[in-house]
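Undergrad: Sequence:
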Amino acid sequence: MTSRIYGKGRGSVFTPNDFLDLGSRGSIDLSLHRLTDAGTIRRIARGLYHYPESHRLLGEVAPSIEAVAKALAASEQAKLQASGAYAANLLGLSEQVPAKVVFLTSGRARKVKLGKLVIELRPTTPRKVAAAGRTSGLVLAALRYLGKNHITADRIAHLRKTLSAEDRRQLLADLPSAPVWLHPYLRAIATKESR
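Under my numbering, think of the first position of the sequence shown as 1, with each following residue one higher.
For the record, the hints were derived by calculation from the structure and aren't laboratory data. Don't take each hint at face value.
What the hints assert, rightly or not - Taking lysine-lysine and the DSS-like style, the derived pairs with C-alpha atoms no more than 30 Å apart in a straight line are:
no., residue 1, residue 2
1, K111, K70
2, K161, K113
3, K111, K161
4, K70, K113
5, K8, K116
6, K161, K79
7, K148, K8
Said to hold, decoys possible - Simulated restraints, written as ranges between beta carbons of each label pair:
no., residue 1, residue 2, range
8, N17, V118, 16 to 26 Å
9, A188, L57, 38 to 48 Å
10, G9, W181, 38 to 48 Å
Think of the CB as a built atom: it goes at the ideal place given N, C-alpha and C, for glycine as much as any other residue.
Put together the whole structure using the sequences plus the hints.
TA: Encoded structure:
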C-alpha cells in the first residue's frame, strides 16, 4: 500500500476504495490508520486521506480542491462537474473566489471542510453531468450560474478566445445537454469570429 501511495505522489488524495484490490476493507482501514499515526499521510475527512507535500516557506500544503472532489467521486465511480461561482472563476468569467465550492455529481451528497473552505458534492440530474470532465461541461455550468442577464458580449468573446477549437466544437456537440435558453450563447462561443 505504501508504495502505491508514494507512486501517486505528494499532494494526492485517496480513499480506502483505491486499495480494495490489496486486501479486505478492515485491513485497508487498519493500514491507513497506522500510516496516519506515523505521519506519512493525513486524514482530512472520514474515509478521505492526503499524502501531504511540503513547501519550504509555507510548510504543509493543503490538497487541491480538484484532488479532493475527484477522490470523493472516484470512490463511488460517480461523474463530477464543477459548478456555480467556482466554474465561472475557473473560466475567468468571474473574479469571485467562493468560500463554498460546489461540484455537481451523479453520486451521493458529501461535504468536506478544508480550513475555511467547504467542498460540496451535490447530487443532480444525469443531464447536468452529461458533459462532466470536459471543458464544455465547465462552460455549461458557468453560464447556468451567471444566468441570461449576465452573459455579456465580453464574456462570450473571452470564452471564444480562450477555448480551443476542439472545445468550441464540443460545445455544439453538447447542445442537447444544455437548457434551450443557452443554445444561442453556446453557438456564439463556438463560432469562429470573423475579422
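Undergrad: All hints, please: hold or fail.
TA: Verification of the hints:
1. K111 / K70: Satisfied, since the Cα-Cα distance of roughly 13 Å is no more than 30 Å.
2. K161 / K113: violated (35 Å)
3. K111 / K161: violated (35 Å)
4. K70 / K113: holds (15 Å)
5. K8 / K116: With a Cα-Cα distance of about 26 Å, the restraint between K8 and K116 holds, given a limit of 30 Å.
6. K161 / K79: Satisfied, since the Cα-Cα distance of roughly 28 Å is no more than 30 Å.
7. K148 / K8: violated (42 Å)
8. N17 / V118: 16 to 26 Å: Between N17 and V118, where Cβ atoms are some 23 Å apart, the hint holds.
9. A188 / L57: 38 to 48 Å: holds (45 Å)
10. G9 / W181: 38 to 48 Å: Taking Cβ atoms as reference, G9 and W181 lie about 42 Å apart, which means the hint holds.
When each numbered hint is compared with the structure, violations occur for hints 2, 3 and 7.
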